[in-house]
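**Q** Just so we're aligned: 61 in numbering that gives the first Met the number 0 is position 62 of the sequence shown, and the numbers increase by one with no gaps anywhere.
Rather than coming from a laboratory, the hints here were simulated on the basis of the structure.
Virtual Cβ for every residue (Gly too), placed ideally from N, Cα, C.
Errors might be hidden in some of the hints.
To be verified - Cβ-Cβ distance ranges computed for the label pairs, FRET-style: (1) Gln30 <-> Arg60: 17 to 23 Å; (2) Leu26 <-> Met0: 27 to 33 Å; (3) Ser23 <-> Met0: 15 to 21 Å; (4) Leu25 <-> Ala54: 16 to 22 Å; (5) Lys22 <-> Leu65: 18 to 24 Å; (6) His17 <-> Pro67: 18 to 24 Å; (7) Ala54 <-> Asp9: 21 to 27 Å; (8) Asp11 <-> Asp71: 18 to 24 Å; (9) Arg68 <-> Cys33: 18 to 24 Å; (10) Glu1 <-> Gly35: 28 to 34 Å; (11) Ser23 <-> Gly51: 17 to 23 Å.
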Amino acid sequence: MEVFRARALDYDAWYGRHLALYKSELLAVAQLDCGGGVEVGVGTGRFAEPLGLRAGVDPVREMLKLAPRGLDLVE
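Whenever a hint applies, use it, and build me the whole structure from the sequences.
**A** Right, here's the structure in full:
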């Protein structure tokens, strides 16, 4: 967990630098039709919000601080 605490900003920024990969991952996961569910390991919420998920769980507070305010988050 310490790696994720120390690298929360870097983790989220990586997807910003690799938009094509991020978009392809979103398209792949969107095929599962999991809207309205809960993401376990939500991290920064980068996938939850665009996929229509309303809630997420993650053990790393530093990641959750970066998540969108509209998500219901649990540490």
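**Q** Could you run down the list of hints and mark each one as holding or not?
**A** To see whether the hints hold, each was checked on the structure:
1. Gln30 <-> Arg60: 17 to 23 Å: violated (31 Å)
2. Leu26 <-> Met0: 27 to 33 Å: holds (29 Å)
3. Ser23 <-> Met0: 15 to 21 Å: violated (28 Å)
4. Leu25 <-> Ala54: 16 to 22 Å: Since Leu25 and Ala54 have Cβ atoms about 18 Å apart, the given range 16 to 22 Å holds.
5. Lys22 <-> Leu65: 18 to 24 Å: holds (19 Å)
6. His17 <-> Pro67: 18 to 24 Å: holds (20 Å)
7. Ala54 <-> Asp9: 21 to 27 Å: Hint holds: Cβ distance 25 Å, inside 21 to 27 Å.
8. Asp11 <-> Asp71: 18 to 24 Å: Check passed, 19 Å falls within 18 to 24 Å.
9. Arg68 <-> Cys33: 18 to 24 Å: Taking Cβ atoms as reference, Arg68 and Cys33 lie about 21 Å apart, which means the hint holds.
10. Glu1 <-> Gly35: 28 to 34 Å: For Gly35 against Glu1, whose Cβ atoms are near 33 Å apart, the range 28 to 34 Å holds.
11. Ser23 <-> Gly51: 17 to 23 Å: Holds, since Ser23 and Gly51 (Cβ atoms, about 18 Å apart) stay within the stated range.
Checked against the numbered hints given earlier, the structure breaks hints 1, 3 and satisfies all the rest.
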